[in-house]
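J.: Please take these sequences and the hints and turn them into a complete structure.
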Amino acid sequence: MFPFDLAMLVAIVLSVIILGFGAVILGMILTGQIDLSDILVESGENGSRKASLSRLQFLMFSFVIAGLYLVICVESGTFVDVPPGVLVLLGISGGSYVVSKGMGKGMHKQSGAAPGQRQAGGHAQHSRPQPVPMHAQQASESQPNVAAQ
Amino acid sequence: MAPVNAGPIPDLLSIVLTLWLLGLALSILYAMFNGGIQMNGLFSTDVDNDGIADEFHPERVQLLLISLLGIGGYAIMTMNAASASSTALTVLPDVPEELMMLLGASNTFYLTGKFGRNLKRG
Chain E
0 MFPFDLAMLV AIVLSVIILG FGAVILGMIL TGQIDLSDIL VESGENGSRK ASLSRLQFLM
60 FSFVIAGLYL VICVESGTFV DVPPGVLVLL GISGGSYVVS KGMGKGMHKQ SGAAPGQRQA
120 GGHAQHSRPQ PVPMHAQQAS ESQPNVAAQ
Chain L
0 MAPVNAGPIP DLLSIVLTLW LLGLALSILY AMFNGGIQMN GLFSTDVDND GIADEFHPER
60 VQLLLISLLG IGGYAIMTMN AASASSTALT VLPDVPEELM MLLGASNTFY LTGKFGRNLK
120 RG
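Protein chains in written order, with numbering that gives the first Met the number 0: chain E, 0 to 148; chain L, 0 to 121.
I should point out that these hints are in silico values taken from the structure, not numbers from a laboratory. The structure presented is a predicted model; accordingly, all values stated were derived computationally and were not measured. Glycine included, C-beta positions come from ideal geometry on N, C-alpha and C. Heads up, some of the hints might be wrong.
Selected chain L positions facing chain E (in silico; Cβ < 10 Å) [stated by the list, open to error]: (1) 14; (2) 15; (3) 17; (4) 22; (5) 26; (6) 27; (7) 31; (8) 35; (9) 42; (10) 66; (11) 74; (12) 90; (13) 91; (14) 117.
T.: Here it is as structure tokens:
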């Protein structure tokens, strides 16, 4: 009798904790405390922000497969097996997202390296003065003679 | 393996978890239609960053359509299999090979288009 009551009590407490987490997260999403506005946004090639189709696809696949898994688990009362085909489906979607993100990062690196390449070519050597780091500026102010020399 | 779903607590927990996942999906869907989630530029690109879409990309449209049809078809297939079976399913139905090939080709087409645009812009 006692172990059953204890197990029941633990089950109730765990259920309340899990449902509490879920309710808090859903409530914060609905009240806007968790910001979902950028959930599909990626940075474009020119620094613009646009919705990403690969993110949307990954979101759809994750929700549908997680929902189906949950429903089948609830119906059967046990954890069900996931066939390799479903994992391949998620892999296609996730791989597409990763490659798409990698392409965007690669473009940003290339566009960030372009000014340096121009400088190495000798066309931008007389550009505006570079900003002085804070610690170097403080050192020159504390030792004016050294700076004057 | 024998079913372990017995008693009011697992039943209640499973129902509430299903409702929670449904609520999360509905809140995201509502935010998409309401403008709470930015959907600008899903099918087009603003090249000069002036707020006006300059290029339309049909390969993005085909990816969205094939993804929606593919994942929707798989969901319907799973529900049909669950309702047709006299006992509860112990494994998710496998994805048809044709569907995987179609989705793979569609994603490859989308990535090729994106890669080509990146190459063109340098």
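J.: Indicate, hint by hint, whether the structure satisfies it.
T.: Hints versus structure:
| no. | hint | verdict |
| --- | --- | --- |
| 1 | 14 | holds, 8 Å |
| 2 | 15 | holds, 6 Å |
| 3 | 17 | holds, 6 Å |
| 4 | 22 | holds, 6 Å |
| 5 | 26 | holds, 5 Å |
| 6 | 27 | holds, 7 Å |
| 7 | 31 | holds, 8 Å |
| 8 | 35 | holds, 6 Å |
| 9 | 42 | holds, 8 Å |
| 10 | 66 | holds, 5 Å |
| 11 | 74 | holds, 5 Å |
| 12 | 90 | holds, 4 Å |
| 13 | 91 | holds, 6 Å |
| 14 | 117 | holds, 5 Å |
Hint compliance for this structure: no hint is broken.
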